[in-house]
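Enquirer: Taking the hints into account, I'd like the entire structure generated from these sequences.
Chain by chain, the residues:
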Amino acid sequence: MADRPITYREALSSALREEMQRDERVFIMGEEVGVWGGTYAVTRGFLDEFGARRVRDTPISEMVIAGAAVGAAMAGLRPIAEIMTINFAFLALDAIINHAAKVRYMFNGQFTVPLVIRTTTGGGKQLGATHSHAPEVIFAHFPGLYVAVPGTAYDAKGMLKASIRDDNPVLFVEHSTMLQRRSPVPDDPDFLLPIGKSDIKRKGSDVTIVTYQKGLEHSLVAAEELAKEGIEAEIVDLRWLRPLDLEPVFESFKKTNRCVVVEESLPMFNVGAEVAAQIHDVCFDWMDAPVKRVAAMDIPLPYSHEIELMALPSPEKIIRAVKEVV
Amino acid sequence: MATEALTVHTLDDTAVDLSSETLLEMHWQMVRARRADERLWALHRQGKIAFHISGIGQEGIQVGAAYAMRRGHDYASLYYRDVAFAFALGYTPREFYLAAFGKEGEPTSGARQMPSHFSSRALGMLSSSSPVATQVPQAAGAALACKLRGEDRVTVVTLGEGATSEGDFYEGLNWAGVHRLPLVCLVQNNVYAISVPQHLQMAVPHVADRAPMFGIAGAVVDGNDVLASYRVMKEAIQRARDGGGATLVEAKTYRLVPHSSDDDDRSYRSRDEVEAWKQRDPIARFGAYLRERGLLDDEALDEIERRVRQEVDEAQAFAQAVPYPPPEAALGPVFKG
Numbered sequence: 135m136a137d138r139p140i141t142y143r144e145a146l147s148s149a150l151r152e153e154m155q156r157d158e159r160v161f162i163m164g165e166e167v168g169v170w171g172g173t174y175a176v177t178r179g180f181l182d183e184f185g186a187r188r189v190r191d192t193p194i195s196e197m198v199i200a201g202a203a204v205g206a207a208m209a210g211l212r213p214i215a216e217i218m219t220i221n222f223a224f225l226a227l228d229a230i231i232n233h234a235a236k237v238r239y240m241f242n243g244q245f246t247v248p249l250v251i252r253t254t255t256g257g258g259k260q261l262g263a264t265h266s267h268a269p270e271v272i273f274a275h276f277p278g279l280y281v282a283v284p285g286t287a288y289d290a291k292g293m294l295k296a297s298i299r300d301d302n303p304v305l306f307v308e309h310s311t312m313l314q315r316r317s318p319v320p321d322d323p324d325f326l327l328p329i330g331k332s333d334i335k336r337k338g339s340d341v342t343i344v345t346y347q348k349g350l351e352h353s354l355v356a357a358e359e360l361a362k363e364g365i366e367a368e369i370v371d372l373r374w375l376r377p378l379d380l381e382p383v384f385e386s387f388k389k390t391n392r393c394v395v396v397e398e399s400l401p402m403f404n405v406g407a408e409v410a411a412q413i414h415d416v417c418f419d420w421m422d423a424p425v426k427r428v429a430a431m432d433i434p435l436p437y438s439h440e441i442e443l444m445a446l447p448s449p450e451k452i453i454r455a456v457k458e459v460v
Numbered sequence: 513m514a515t516e517a518l519t520v521h522t523l524d525d526t527a528v529d530l531s532s533e534t535l536l537e538m539h540w541q542m543v544r545a546r547r548a549d550e551r552l553w554a555l556h557r558q559g560k561i562a563f564h565i566s567g568i569g570q571e572g573i574q575v576g577a578a579y580a581m582r583r584g585h586d587y588a589s590l591y592y593r594d595v596a597f598a599f600a601l602g603y604t605p606r607e608f609y610l611a612a613f614g615k616e617g618e619p620t621s622g623a624r625q626m627p628s629h630f631s632s633r634a635l636g637m638l639s640s641s642s643p644v645a646t647q648v649p650q651a652a653g654a655a656l657a658c659k660l661r662g663e664d665r666v667t668v669v670t671l672g673e674g675a676t677s678e679g680d681f682y683e684g685l686n687w688a689g690v691h692r693l694p695l696v697c698l699v700q701n702n703v704y705a706i707s708v709p710q711h712l713q714m715a716v717p718h719v720a721d722r723a724p725m726f727g728i729a730g731a732v733v734d735g736n737d738v739l740a741s742y743r744v745m746k747e748a749i750q751r752a753r754d755g756g757g758a759t760l761v762e763a764k765t766y767r768l769v770p771h772s773s774d775d776d777d778r779s780y781r782s783r784d785e786v787e788a789w790k791q792r793d794p795i796a797r798f799g800a801y802l803r804e805r806g807l808l809d810d811e812a813l814d815e816i817e818r819r820v821r822q823e824v825d826e827a828q829a830f831a832q833a834v835p836y837p838p839p840e841a842a843l844g845p846v847f848k849g
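So the protein lines, in turn, are chains L and G.
All you need for the numbering used here is the position in the first sequence, starting with 1, plus 134.
All you need for the numbering used here is the position in the second sequence, starting with 1, plus 512.
It is worth saying that the hints were derived from the structure and are not from the lab.
Not one of these hints is a red herring.
Once the Cα atoms are required to be at most 30 Å apart in a straight line, the calculated DSSO-like pairs of lysine-lysine come out as:
id: 1; chain 1: L; residue 1: Lys331; chain 2: L; residue 2: Lys236
id: 2; chain 1: G; residue 1: Lys560; chain 2: L; residue 2: Lys259
id: 3; chain 1: L; residue 1: Lys451; chain 2: G; residue 2: Lys615
Among the chain G residues that face chain L by a calculated CB cut under 10 Å, a handful are:
id: 4; residue: Phe563
id: 5; residue: Gly614
id: 6; residue: Gly672
id: 7; residue: Ile706
id: 8; residue: Val708
id: 9; residue: Asp774
id: 10; residue: Ala841
id: 11; residue: Val846
Simulated restraints, written as ranges between beta carbons of each label pair:
id: 12; chain 1: L; residue 1: Lys236; chain 2: G; residue 2: Arg582; range: 45 to 51 Å
id: 13; chain 1: G; residue 1: Val834; chain 2: L; residue 2: Arg315; range: 33 to 39 Å
id: 14; chain 1: L; residue 1: Asp422; chain 2: G; residue 2: Val846; range: 30 to 36 Å
Built from N, CA and C at the ideal position, the CB exists for glycine as well.
Expert: Now the structure itself:
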């Protein structure tokens with residue numbers, strides 16, 4: 135089966151389409167998913183193809199989108215709920231965290247919640263502080279909820295299909311500035327990637343960069359620059375914040391003895407904090423330098439373009455952090 | 513049903529206490545907001561600004577509502593289509609354009625917030641947000657503060673009909689009902705929430721039909737009729753000021769342009785429908801009324817357009833000449849002190 139380069143958007147669309155064709159119980163609900171084809175055009179054409187019964191435009195109510203999806207999942211359907219941006223998922227936190235993530239545990243496994251909540255994350259598009267943060271790490275705090283953060287078209291497709299087929303709730307986070315990125319993706323309708331497996335995106339021996347999504351994109355650029363100076367970075371793409379797979383990170387760290395964590399989250403209580411703590415636990419004897427973090431600045435994300443970009447991670451900031459530890 | 517004023521209003525000033533000068537000023541406010549708004553669409557298409565969200569078509573209810581307020585005394589908690597409302601409260605095209613370009617010294621936010629998220633302590637405009645309806649509980653809180661302090665200040669909060677699907681709308685108005693708060697909740701029903709029409713948003717014909725469930729008054733008004741809008745808002749504001757509690761006012765209007773600069777409305781509504789609503793354009797209707805009253809003629813209208821164009825040109829040139837914020841502006845006022 136030939137791998138064909140497609141965009142991240144096409145990867146998401148084809149994953150949704152194939153899983154809807156495969157399983158009648160799968161349906162989509164959210165703001166603007168039907169007539170308009172999705173805020174980021176991921177479900178364009180779906181209303182015509184699957185009908186209004188399975189592609190449902192909802193009122194503007196994040197709480198009912200997530201809450202009703204939890205209920206429909208408990209009652210035997212497999213909803214895919216869409217929240218326009220993860221920043222608006224704050225309006226649905228009770229449904230997502232107190233219920234989707236906890237129902238199975240609280241009721242002794244009587245109910246499962248086979249739910250996927252698709253949403254977008256990330257800044258850089260001048261949409262201000264209530265649209266543009268990347269707070270997915272908050273959702274990874276709670277046991278019971280998987281958090282997917284794909285950074286390539288290949289990962290987006292295999293991870294979304296696996297999420298839809300899984301019986302647990304998944305917050306599936308797509309980066310709003312990466313929808314046009316292309317990579318080769320298998321045509322196989324059963325192409326699935328395992329849930330909770332990170333992936334080495336670049337081999338190197340001098341420093342381990344742990345990252346995901348936009349951080350991955352920046353890190354790959356930074357790594358090429360660093361290579362020109364003889365510094366070879368190994369890049370671990372987490373792909374999932376929960377389950378969090380740090381085995382490849384530990385393995386890499388025992389080789390490089392240095393680590394930089396790159397993410398678009400805010401700088402405190404973030405992914406880097408967790409990775410650094412676990413490296414301390416597991417790899418203390420292999421440490422040659424403190425674990426460095428590159429994240430967004432500790433401010434609500436501003437609107438004006440230059441100061442917005444300044445507040446976000448960049449290849450330059452990654453290069454600077456790497457040079458502090460090598 | 514407690515919904516009152518379900519009559520179709522026609523432009524009529526018999527019950528309106530406005531002088532000829534004020535009527536002309538309101539007309540100018542509407543034209544000024546329309547032209548300032550149109551210019552931003554052009555600037556967006558030229559790639560000069562990142563984003564624009566528009567109030568074109570909704571100037572009637574907005575200017576009517578603003579003039580019904582005790583401006584500078586009452587609080588307004590506006591939403592992102594309220595450019596005409598904000599201008600009528602004292603916000604200026606210069607300030608609007610500084611926000612659109614994201615320039616240094618932008619007074620609402622220092623260019624940190626998106627444009628059209630109107631906020632000015634000096635003008636009594638509370639902050640507004642992008643997640644819709646979040647302003648309703650906040651406005652109820654502001655109304656509570658005024659009531660607790662014994663002030664006769666009324667809070668007017670605005671939103672679209674789509675936002676009434678959010679829990680915040682119900683929770684805020686329930687509270688306003690329980691505590692008989694001096695609040696007027698103005699829903700500008702412009703028929704679409706991005707692409708989603710009213711019938712997919714709610715099963716009732718009028719947003720204001722929900723007023724009885726909160727134990728507050730309700731009213732429906734033709735929002736493209738500036739004088740009817742003024743009259744209904746005036747009555748609601750007076751009720752709030754007199755201790756009569758909150759009112760849910762629904763203004764029937766229409767967004768004549770796409771949701772925002774990122775949207776193509778041809779995918780969800782017909783050109784015939786848009787054309788039909790253009791026949792009810794609030795500015796044209798008010799202009800025709802003023803002509804009938806002998807307050808406006810071609811020459812006067814040309815003069816208004818000339819003045820407005822000059823102000824908009826000047827505001828654009830001003831904002832373009834201002835630099836972008838320096839890097840340290842990003843650090844901004846996160847905490848006090």
